[in-house]
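2 protein chains.
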Amino acid sequence: MNLHPDYLLNQIQGPADVKKLSVDQLHQVADEIRHLVVEKDAAIGGHLGPNLGIVETTLAFHYVFDSPHDKIVWDISHQSYPHKMLTGRAYGFLDNERYHDVTPYSNQDESPHDYYRVGHTSTSIALAVGMAKARDLTKQSGNIVAVIGDGSLSGGMALEGLNNAGKYDGNLIIIFNDNQMSIDDVNGGMFDQLTALRESNGEAPNNLFKAMGLDYKYIADGNDVETMIHALEDVKGIAHPIVLHVNTVKGLGYAPALADEEAWHWHSPFKIEDGSDVAPASDAENYDQIIKDELGRQIEAGQPLMVITAAVPGVFGLGEIKAKYPAHYDDVDIAEQYSVTYATGLAENGARPVLFQNSTFFQRAYDQVIHDMALNRYPVVTIVKNGRISDDSSTHQSDFDLAMLSNVPNIEYLAPTNAEELVAMLQWALTQTEKPVIIREPAGEVTHGPISATAFNQIKAQVVHQGKEVAIIGLGDFFALGQAAAAELAKDGIDATLINPVSASTLDEATLGQLVNDHQVVVTLENASMSGGFGEHVDRFFAPTKVRVLNFGAAKEFNDVVPLAELYDRYHLTPTQIATDVKAVLKNL
Amino acid sequence: MNLHPDYLLNQIQGPADVKKLSVDQLHQVADEIRHLVVEKDAAIGGHLGPNLGIVETTLAFHYVFDSPHDKIVWDISHQSYPHKMLTGRAYGFLDNERYHDVTPYSNQDESPHDYYRVGHTSTSIALAVGMAKARDLTKQSGNIVAVIGDGSLSGGMALEGLNNAGKYDGNLIIIFNDNQMSIDDVNGGMFDQLTALRESNGEAPNNLFKAMGLDYKYIADGNDVETMIHALEDVKGIAHPIVLHVNTVKGLGYAPALADEEAWHWHSPFKIEDGSDVAPASDAENYDQIIKDELGRQIEAGQPLMVITAAVPGVFGLGEIKAKYPAHYDDVDIAEQYSVTYATGLAENGARPVLFQNSTFFQRAYDQVIHDMALNRYPVVTIVKNGRISDDSSTHQSDFDLAMLSNVPNIEYLAPTNAEELVAMLQWALTQTEKPVIIREPAGEVTHGPISATAFNQIKAQVVHQGKEVAIIGLGDFFALGQAAAAELAKDGIDATLINPVSASTLDEATLGQLVNDHQVVVTLENASMSGGFGEHVDRFFAPTKVRVLNFGAAKEFNDVVPLAELYDRYHLTPTQIATDVKAVLKNL
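So the sequences go chain by chain: B and P. Here my numbering runs 648 ahead of the position in the first sequence, where the first position is 1. Here my numbering runs 648 ahead of the position in the second sequence, where the first position is 1.
One should not assume that every hint holds.
As the list claims (entries may be wrong) - Each pair of labels, with its calculated beta carbon distance range:
1) N1105(B) to P716(P): 36 to 42 Å
2) E1157(P) to S789(B): 54 to 60 Å
3) N1105(P) to A1203(B): 58 to 64 Å
4) Q788(B) to T1102(P): 27 to 33 Å
5) K972(P) to S789(B): 48 to 54 Å
6) G998(B) to R1218(P): 31 to 37 Å
As the list claims (entries may be wrong) - Pairs of lysine-lysine residues, derived as DSBU-like cross-links and limited to a Cα-Cα distance of at most 35 Å, are as follows:
7) K1083(B) to K970(P)
8) K1139(B) to K1083(B)
9) K970(P) to K1194(B)
10) K1108(B) to K940(B)
11) K1231(B) to K972(P)
12) K970(P) to K865(B)
13) K884(B) to K1235(P)
14) K1108(B) to K972(P)
Stated by the list, open to error - A short list of chain P residues far from chain B (calculated; beta carbon distances all over 10 Å):
15) G694
16) G736
17) E996
18) H1113
19) D1143
20) L1212
These are calculated hints, taken from the structure and not from any lab test. Glycine included, every Cβ here is placed at the ideal spot set by N, Cα and C.
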């Protein structure tokens, strides 16, 4: 139901309605937007700080410009809630039964005021320059506006974008939303110079934007809607690219968010009155902690570890490492390419780098993995998290990591099946010196079990149960699914062999070769997209033989917030479905 | 034989010998190095301009610093010939029988003065910061020096590197070798501001390096060895990061190279006296020209094409497009990530972007291909060149493109088998609006033949010859190899079916499914690494059936300048080997 039928926002169907508002009404709508951001995030979780900081900029944009004739591109788009409320989608925030009808990122299928599905950082300038040049080439008109935050500016593509924007000579407005996202964490680098610009009202020398050849203006109070309206009116229709450096306050209007900007960038459901979590903190075991505990032991034993993250410490809880071992911790900002090549340099000169990365963001460093890490064979250790079939947004689809990493020479991509194996692999990876090792952190709850080996120089698949006729190979966290499928087959008297393949990138051909003698069907299970993944490598091995292979994993497709149960059902990833498919093949042999 | 037994270089076995040289001798050695660079490149081809420009910097480095205790990292390392001559490898330049004993890029297996196999740009700062932090963490000493050119500075990772260097607080010297590589091509952006720095003796405001938080010094005459010695003595042992902006002249000492810096960046064998080519220009047909001719027709017919390159116009001869259709051409500098996302923006707003990229450099834009291009399904058209098994340096290995691109949803990765099919695919790609299309430019000489279709919305494999028992699927430029293998099998009375699969990313399952009825063996041929590639997709399709599949392509391994004939033999890529392998499987059915 509509929780706020009295709100002015109910009467705003689109930008035309924003233009009719008085200054007082603009202030009222700003308050309403802030309340709705907090209320919705409190109920279902979401990005909070970025949306609270950008309210006035968004109101001013729709007051001054004429969307969608004038076009606005949101970097990452995690700050687009106010934009959505002002472009016909307020219902997704007013009505708690419709919270899920409006997605949290921009989406061109949802509104003509949105242009891209986007969830990774630092892309907005490139997209906006492209739109601007297309406008010129096709003789269209209208302003093109990009909005990018300071957190995203450290990403190489954003800087490539500034250089190319500086070479362009038509209308382009880059709103640099400086909410000092990184201020607590960063000393030196570009962020000190941005501070100098803020403190000098934009007058300090060594201006990064001007150094890229761009025109520049500073707006000290980006949370004053009248100031923002004047600022945008001043640049509307400008015939060359300009950066509007807008100083805003992240989390403005919600006290807990102002007190801890990092914690409130994104937040899970909370109680509005004090910001406390709705769900009690879990004290269950988790793989992150198991990894960090092992690294702590190694650091205390004198290993020259360097723990590296590219601006996602929260994903792994790396604040703990930073606090206890600051000399062994480095957050390189949003700079995934740099993180891998930097790790290679650390390894070359005798340190032991341990890089933590999310599957979806690791895609940004693919060439660095190949050209710097793999070709050069330095012993960089990487932990990949969230490599799995998931119910995430399609912008963060995380099941491509096997195709990305298992096909690169010289890398061992290990897939532990339980906590003990994970620790054994990590210990080995940190002592060996022959190659880069990537460890796929298992998804889901922690399981315990035997380790497959203590050294992994030679990959030896672990035959956990020797059966016959059918062999099930369960990779990493899908080993448990293999056990369940084997139990299902046992009900029909089929005694399936059960194998932990240990590595996603190296096949133990000796063990697999023996299956040809007394097995008719081999089953592969991978928590990943199958195209280019583990199962296809097994297929190639058995392709010239009489053995039939059945692969289970995700199809090659994007999925946008599809419930996991639905995906598992679609991909036949339940023990019953697997057993049924296996029996069908057996019957037709 | 040693062509210059009289050269002082014969007495330089390493950096210790450089330190003994008088100023006059340093000048003499500089002259010798220049002569040898020109002489070797004239004989076998190689990087010329970058090596001629860096001679004095290199001499000064080895005069002032103590390599390998002090370490120098060369960006791309295409300017490392002088370094190699001064670190015990002058024989590879003095003795024309040993030209191939010294590789053209840095190589840690070749010398303790080299640290990485490197051939892609913009990595040196990341590597150097890593080495510096590892030095600190492991309580080593010595200076860390990175050398990076202005051409590489536009790459996002270099800029990420500057930001992270600016955050570091120990010894690090970044030599910014500004030889105005891009000066002819570039207006605006960072390069205008670098010009302002040169013209103001380093005093101009809006200094990119200072904006990244770095200390900075300008050296106007980087080709004066005494100046460079003093400059490096001044910063040796410095306790914080500093950028030495060194102004040098690319191609210094060879008149033709000074007259056309771009043409002499790398050069094939030439006559020293006038710089003319040894090999006469070929007037044979080539696929680049066929593509450019088609694009020219489309532009003249009014299509809003935008031809994009990320600083490799020479690979495709795009200067022709730039000259004839300047409004339809954009070189975005070394900025591969940007190029893809920018193309997506162009497509969104109604232009028709055509991106040209080398297989090996395209790796830099993997996430942009997935997150911006594929997920958003805009009709960006990309031409990928050199996707093939090759005799290149391992730094430029180019056979990973099928694993990189064929596993991404929503993309059609087309593999034409001849000129007519290439044009048909390009024409279709530029009129359809449903998805990004990538076209794999065939390697080798142009062939002609029938087209498989005029539209490629639905992939329909082309059964070129209907046989039985054995089916050969030859992808793209390996279709011809399939024909040859079929001819070989015909000698033994085997009438193989011959199929052009059209796409590397989409299987025509209807056509493949029919093979199950009357074929025992399916053969796949791909000019690529097989791991994650085309053949494995075919394997997965047939895995649950009785059909045996044999895959032919490259193994998952790096190869460093291995002759193509040797690779083909190793991978069984000759018609005779293929036929023999097929017959062996048939015999054991």
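Going through the hints against the structure:
no. : hint                             : verdict
1   : N1105(B) to P716(P): 36 to 42 Å  : violated, 28 Å
2   : E1157(P) to S789(B): 54 to 60 Å  : violated, 47 Å
3   : N1105(P) to A1203(B): 58 to 64 Å : violated, 20 Å
4   : Q788(B) to T1102(P): 27 to 33 Å  : holds, 31 Å
5   : K972(P) to S789(B): 48 to 54 Å   : violated, 27 Å
6   : G998(B) to R1218(P): 31 to 37 Å  : holds, 36 Å
7   : K1083(B) to K970(P)              : violated, 44 Å
8   : K1139(B) to K1083(B)             : violated, 44 Å
9   : K970(P) to K1194(B)              : violated, 56 Å
10  : K1108(B) to K940(B)              : holds, 27 Å
11  : K1231(B) to K972(P)              : violated, 64 Å
12  : K970(P) to K865(B)               : holds, 34 Å
13  : K884(B) to K1235(P)              : violated, 76 Å
14  : K1108(B) to K972(P)              : violated, 60 Å
15  : G694                             : holds, 20 Å
16  : G736                             : holds, 20 Å
17  : E996                             : violated, 6 Å
18  : H1113                            : holds, 23 Å
19  : D1143                            : holds, 21 Å
20  : L1212                            : holds, 18 Å
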